Amino acid sequence: MRKLFYGLAAAAALATLAAQAEAAKDTITLGMQLEPPHLDPTAGAAAAIDEVTYANIFEGLTRIDQNGGVKPALAESWTISDDGLVYTFKLHKGVKFHDGTDMDSADVKFSLERAMDEKSTNAQKGLFKPISKVEAPDASTVVVTLSQPTGRFLFNMGWGDAVVVAPESAEGNKTNPVGTGPFKFKNWTKGDRLTIERNPNYWGTAVKLKSATFKFISDPAAATAAVLAGDVDAFPGFPAPEALAQFKSDPRLKVVVGSTEGETILSTNNKSKYFSDVRVRRAMAHAIDRQAIIDGAMFGYGTPIGSHFAPHHPAYVDLTGMYPYDLAKAKALLAEAGYPNGFKARLHLPPPSYARRGGEIIAAQLAKIGIQLEIIPVEWAQWLKAVFKGYDYDLTIVSHTEPMDIGIYARDSYYFQYDSPEFKALMKKLDMATDEKTQYDILRQAQRKLAEDAVNGFLFQLAKTGVWNAKLRGLWPNSPTQANDLTGVYWVD
Amino acid sequence: MSVFLARRLVALFLTLLGASLAVFLILEVLPGDPATVMLGIGAQEDSLAALRAQLGLDRPAWQRYLVWIWGWFQGDLGNSYAYDEPVIKIILERLRVSLPLALMAITLSTAIGLPLGVLAAARRNSLTDVSVMGFVQVGVAIPNFWFAILMILFFSVFLKVMPAGGFAGWDAGVWPAIKSLILPAVALALPQAAILARVTRSSVLEVMREDYVRTARAKGLTFAAALWRHAVRNALIPVVTIMGLQFSFLLAGTIIIENVFYLPGLGRLIFQAIAQRDVIVVKDVVVLLAGAVVLVNFIVDMSYALLDPRLRGGGHGQ
Chain U
1 MRKLFYGLAA AAALATLAAQ AEAAKDTITL GMQLEPPHLD PTAGAAAAID EVTYANIFEG
61 LTRIDQNGGV KPALAESWTI SDDGLVYTFK LHKGVKFHDG TDMDSADVKF SLERAMDEKS
121 TNAQKGLFKP ISKVEAPDAS TVVVTLSQPT GRFLFNMGWG DAVVVAPESA EGNKTNPVGT
181 GPFKFKNWTK GDRLTIERNP NYWGTAVKLK SATFKFISDP AAATAAVLAG DVDAFPGFPA
241 PEALAQFKSD PRLKVVVGST EGETILSTNN KSKYFSDVRV RRAMAHAIDR QAIIDGAMFG
301 YGTPIGSHFA PHHPAYVDLT GMYPYDLAKA KALLAEAGYP NGFKARLHLP PPSYARRGGE
361 IIAAQLAKIG IQLEIIPVEW AQWLKAVFKG YDYDLTIVSH TEPMDIGIYA RDSYYFQYDS
421 PEFKALMKKL DMATDEKTQY DILRQAQRKL AEDAVNGFLF QLAKTGVWNA KLRGLWPNSP
481 TQANDLTGVY WVD
Chain E
494 MSVFLARRLV ALFLTLLGAS LAVFLILEVL PGDPATVMLG IGAQEDSLAA LRAQLGLDRP
554 AWQRYLVWIW GWFQGDLGNS YAYDEPVIKI ILERLRVSLP LALMAITLST AIGLPLGVLA
614 AARRNSLTDV SVMGFVQVGV AIPNFWFAIL MILFFSVFLK VMPAGGFAGW DAGVWPAIKS
674 LILPAVALAL PQAAILARVT RSSVLEVMRE DYVRTARAKG LTFAAALWRH AVRNALIPVV
734 TIMGLQFSFL LAGTIIIENV FYLPGLGRLI FQAIAQRDVI VVKDVVVLLA GAVVLVNFIV
794 DMSYALLDPR LRGGGHGQ
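Chains U and E are the protein sequences, given in the same order. Be aware that the first sequence starts at 1, since it is given in our numbering, and climbs by one per residue. Be aware that the second sequence starts at 494, since it is given in our numbering, and climbs by one per residue.
One or more of the hints may lead you astray.
Heads up, simulated DSS-like pairs for lysine-lysine below, C-alpha to C-alpha not over 25 angstroms straight-line [to be verified]:
id	chain 1	residue 1	chain 2	residue 2
1	E	LYS582	U	LYS186
2	E	LYS582	U	LYS190
3	U	LYS190	E	LYS672
No lab work stands behind these hints: they were computed from the structure. Small disclaimer: the values here were computed from a predicted structure and weren't measured.
Isolated chain U (complex conformation) (with noise of 0.2 angstroms):
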């Protein structure tokens, strides 16, 4: 029965395509799972506000292009000094903001100036802690000076946050965005859907696409109901891997499993009682099966990973081996760490299915060598305040999902509350290295430290699970940012 049914469906389906064929469709109707708050990306954390801005309406100086590497944007080339610690920006001509206002100088200066400043709201304010003084000599340049070299920065700059907007329109961002991109701001009905459209000013190659409507789905079971009825035409960020099967099978859908910059970790209190010692750490990362939690909690949609690092970065050493699985081993770790038979711990899981789902799986690995834990789910702002404000937590699951944060290992004060100044001082040396090779060497260095260390289960990488009509093209595989890059996007026949 069910298969006469789908096989029913894609028939009408069918005919429904070959109706459609006729005419080359120039709109895409994306499906997104959390709708953001605003649209203002220099004033929240919310990834779906970058999932909606981010090259589409905002630019910046820099922008990240969809292998994680840095490419210009509003600037055209740049010169580093040797110190590095004054930065040249060459700004393109004639670029114009959607509301009319010229784009020049002035208004990168305001820009990271706004970001900066003691009132400022910004989310990631921390990307702009190096910068000491921003001038603008002429139009057409910016000069940034920075108070230590920052080997990112260039990087850093192509996040959302570091976007470029007018002094004359920063304020009204968040309703009625106004930037540089390619795409203007249409309209948005909040809780529904919001469109944007093509800027016929813009300064670059124009995009293929006339409009392009983002609607916000919520739900697992509706998101897949509204692919398989063609209501989306894409869902990049598909929110239930158990129906990708079943898209796989469906000759006018693709289904694209790409990579995301979020590490997934049982993130551990390193200063509570019982994870304290790194003996008890070990023996965790000794009992704990990474492909069962990957099948179980994602349906086989993830990459193992063994320290915080992202598996498709140049840098990235496998440390999945440093703990083979062995129980026997856990336990005699468990034993000279003074636990014998185990102890009681607690586990906080925050919303997302990764969590919930692959908390259980934990707890149930960690049976076996006595750690009974006692599963609380929170909700986020639960969790924030908690575990990762309070420390008031054992072990918990997230995904770090900013890209390259290795770094936050070394923060004072971090959940994890991981106090190595080994580890802080090669951070301190990353900084310092100007060179490619000197900091892929230092990157190599780090993630062994943590490893060695088991500061934190290191489970898996998410992976970006996305579907799309087939006869799509330009849609960003993986997530080196959090954006849905609209500007390479187009229909085939």
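For chain U, the structure is supplied; the task is to place chain E on it using the hints.
Frame of chain U; chain E shown alone:
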């Protein structure tokens, strides 16, 4: 009548005051800081402090309560933290979906539930009665979200005659807007209709056993005439009570259905607002809904008076 109205107004005011205090206190003890939720885990302390000051969250609780209540008296419900827009504007936008949806669902459930209930009562123990009660059993037992998904699979994925979800918006025209509300309204109406049918049936049966119905029959009235003239009208009082409760429920209790059909309604708004700690929106919507419930109860009370002359005159014992 005016005494009755005045009493109702006082009750409305006290209910709103009570609701406002309750929701304020609950949100006060609820863990979670709106600023941290908005700026995420990469935020620096000074950005958070700046945002808290901007939202007025750095003031003591009693001041925030008074500022909020004072705003209500001036017709200013405040600005949403997350959306940075007046809450009243957001609520009105959402009501454009929730109100028609609730009205459609209640109309539909009444249109199905009432006649079925009367029919089952009139043909008690017949095949009709058994089938109606069977439908009722199924209607009450099926979770509406599951029924909704089945309808989406059939009408949207398979037949492709209905959108799988979303709201076309009233700007897109009346028909597309109504069309996007049909499946959700049916999903909401079915269980309500089942409940309504069951209540109507037992209520009618009860009234049919009353002495005055027997007297009416004895005077020579036909069964049908006795049923329609005497029984149904009197049996409607408990039914109207249920309908009042159902309408209040439909106005905001549709969170799950709104999620399944991703409709931008009031239920989803309050759900999102709680998760985002957009507490001002939560507070305003809760107080507004409390007001709506009181209002619907008032209308229900008034309709009792219409149905039963003895209740007219506000308890003067005429």
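Broken hints, numbered, in rising order? none
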